[in-house]
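Whenever a hint applies, use it, and build me the whole structure from the sequences.
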Amino acid sequence: MKHKKIDQVPTGDQMLKMLEALANPHRMRIIASLTHERSYVSELARMLQMSRPLLYMHLQRLESAGLITSSLELSSDGKAMKYVEVSPFFLQLSPELITEAVETLTTKAPNNSGKKRK
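Quick note on numbering that gives the first Met the number 0: the sequence shown kicks off at 0 and runs consecutively.
Treat the hints loosely; a few may be bogus.
[To be verified] Distance windows between CB atoms, simulated:
id	residue 1	residue 2	range
1	Leu-73	Val-101	13 to 23 Å
2	Leu-73	Leu-96	38 to 48 Å
3	Gly-65	Ala-108	17 to 27 Å
4	Tyr-82	Met-27	15 to 25 Å
5	Ser-50	Ala-79	18 to 28 Å
6	Leu-53	Ala-79	18 to 28 Å
7	Leu-71	Ile-30	13 to 23 Å
8	Ala-79	Thr-103	33 to 43 Å
9	Thr-103	Gly-77	16 to 26 Å
10	Glu-42	Leu-90	42 to 52 Å
11	Arg-51	Leu-73	38 to 48 Å
12	Met-46	Asp-76	15 to 25 Å
13	Ser-41	Ser-63	20 to 30 Å
[Claimed, not checked] Straight-line C-alpha distance at most 20 Å; calculated SDA-like pairs for lysine to any residue:
id	residue 1	residue 2
14	Lys-78	Pro-52
15	Lys-78	Arg-37
16	Lys-81	Ser-50
17	Lys-81	Ala-31
18	Lys-16	Arg-28
19	Lys-81	Met-56
20	Lys-16	Thr-98
21	Lys-16	Met-27
22	Lys-81	Ser-41
23	Lys-16	Gln-59
24	Lys-81	His-35
25	Lys-16	Val-101
26	Lys-107	Leu-96
27	Lys-81	Glu-42
28	Lys-81	His-57
29	Lys-81	Ile-30
30	Lys-81	Arg-51
31	Lys-78	Val-40
32	Lys-16	Thr-106
33	Lys-16	Pro-109
34	Lys-81	Tyr-55
35	Lys-16	His-57
36	Lys-16	Ser-63
37	Lys-81	Arg-45
38	Lys-16	Arg-26
39	Lys-16	Gln-91
40	Lys-16	Leu-90
Just so you know, the hints here were simulated from the structure itself, not pulled from any lab data. Using N, Cα and C, we set each Cβ at its ideal position, and we do this for glycine too.
Below you can see the structure in the form of structure tokens.
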């Protein structure tokens, strides 16, 4: 995978979406498998020993977070094949960057009103 310089610091919402997407071992394995080259879904499912429906669910989360992209292409025999590849990203975390990201959050914190305090 070619590394591009990524200057844009993610917003708080983008950072949350990326971290939520990466907080799953299957999705981390998908990113690792796509690091050097793109793959089509059936090939990736075989490589990861995962059902295609489960893989599609994970791919959707990764794509929604902006970590991968997908495209449909026709094979030589005319079948539509969905290819996926990693999008260039660089996520740096520090207390200072998290503080900056929090300022841009539009997502509300969970309401803990139902919990009893001791």
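Status of the hints after comparison with the structure:
1. With their beta carbons about 45 Å apart, Leu-73 and Val-101 fall outside the hinted range of 13 to 23 Å.
2. At about 43 Å, the beta-carbon gap between Leu-73 and Leu-96 stays in the expected band of 38 to 48 Å.
3. At about 23 Å, the CB distance of Gly-65 to Ala-108 agrees with the hint of 17 to 27 Å.
4. Distance hint check: the CB atoms of Tyr-82 and Met-27 are about 20 Å apart, consistent with the given range 15 to 25 Å.
5. For the pair Ser-50 and Ala-79, the beta carbons lie near 19 Å from each other, so the given range of 18 to 28 Å is met.
6. Taking 18 to 28 Å as the suggested C-beta distance range, the pair Leu-53 and Ala-79 conforms, at roughly 20 Å.
7. The given range of 13 to 23 Å is respected by Leu-71 and Ile-30, whose C-beta atoms sit roughly 21 Å from each other.
8. The beta-carbon spacing between Ala-79 and Thr-103, approximately 38 Å, falls within the hinted interval of 33 to 43 Å.
9. Between Thr-103 and Gly-77 the beta carbon distance is about 46 Å. The supplied range of 16 to 26 Å is therefore violated.
10. About 27 Å separates the C-beta atoms of Glu-42 and Leu-90, a value inconsistent with the hinted range of 42 to 52 Å.
11. At about 19 Å, the beta-carbon gap between Arg-51 and Leu-73 misses the expected band of 38 to 48 Å.
12. Under the hint 15 to 25 Å, the C-beta atoms of Met-46 and Asp-76, about 21 Å apart, fit the expected range.
13. A beta carbon spacing of about 22 Å between Ser-41 and Ser-63 agrees with the range 20 to 30 Å that was offered as a hint.
14. A hinted pair counts as satisfied when its Cα atoms are at most 20 Å apart, and Lys-78 with Pro-52 qualifies at roughly 19 Å.
15. Proximity of Lys-78 to Arg-37 is assessed by CA-CA distance (about 18 Å); at most 20 Å being required, the pair is judged to hold.
16. Taking the CA atoms of Lys-81 and Ser-50, the gap is about 15 Å. The hint holds against a cut of 20 Å.
17. For the suggested pair Lys-81 and Ala-31, the alpha carbons sit about 18 Å apart, so the restraint of at most 20 Å is met.
18. Restraint check: the Cα-Cα separation between Lys-16 and Arg-28 comes to about 18 Å, which is no more than 20 Å; the hinted pair holds.
19. Restraint check: the Cα-Cα separation between Lys-81 and Met-56 comes to about 14 Å, which is no more than 20 Å; the hinted pair holds.
20. Between Lys-16 and Thr-98 the CA atoms are separated by roughly 16 Å; this keeps the pair inside 20 Å, and the hint holds.
21. Distance restraint check for Lys-16 and Met-27: the Cα-Cα separation of roughly 14 Å lies within the 20 Å cut-off, and the hinted pair is therefore satisfied.
22. For the hint pairing Lys-81 with Ser-41, the CA-to-CA distance comes to about 9 Å; that is within 20 Å, so the pair holds.
23. The hinted pair formed by Lys-16 and Gln-59 meets the criterion: a straight-line CA distance of about 12 Å does not exceed 20 Å.
24. Between Lys-81 and His-35 the alpha-carbon distance is near 17 Å, which keeps this suggested pair within the 20 Å criterion.
25. Restraint check for Lys-16 and Val-101: the C-alpha separation of about 13 Å stays at or below 20 Å, so the hint holds.
26. Annotation: proposed proximity of Lys-107 to Leu-96 holds, straight-line Cα distance about 19 Å (limit 20 Å).
27. For the hint linking Lys-81 to Glu-42, the alpha-carbon distance of about 10 Å falls within 20 Å, and the restraint holds.
28. Proposed proximity of Lys-81 and His-57 is supported: the alpha carbons are some 14 Å apart, at most 20 Å.
29. With a CA separation close to 16 Å, the supplied pair Lys-81 and Ile-30 stays within the 20 Å bound.
30. Taken as a hint, the Lys-81 and Arg-51 pair is honoured in the structure, with Cα atoms around 12 Å apart against an allowance of 20 Å.
31. Restraint check: the Cα-Cα separation between Lys-78 and Val-40 comes to about 13 Å, which is no more than 20 Å; the hinted pair holds.
32. Only pairs whose Cα atoms come within 20 Å are accepted, and Lys-16 paired with Thr-106 is accepted, the gap being roughly 11 Å.
33. Restraint check for Lys-16 and Pro-109: the C-alpha separation of about 16 Å stays at or below 20 Å, so the hint holds.
34. Pair hint Lys-81 plus Tyr-55 holds up; C-alpha atoms about 10 Å apart against a cutoff of 20 Å.
35. Distance hint between Lys-16 and His-57 is fulfilled; the C-alpha atoms sit about 13 Å from each other, no more than 20 Å.
36. For a cut-off of 20 Å, the pair hint linking Lys-16 to Ser-63 stands: about 8 Å separates their Cα positions.
37. Distance hint between Lys-81 and Arg-45 is fulfilled; the C-alpha atoms sit about 14 Å from each other, no more than 20 Å.
38. Distance hint between Lys-16 and Arg-26 is fulfilled; the C-alpha atoms sit about 13 Å from each other, no more than 20 Å.
39. The suggested pairing of Lys-16 with Gln-91 holds, with an alpha-carbon distance near 14 Å, which does not exceed 20 Å.
40. For the proposed pair Lys-16 and Leu-90, the alpha carbon gap of about 12 Å is at most 20 Å, so the pair holds.
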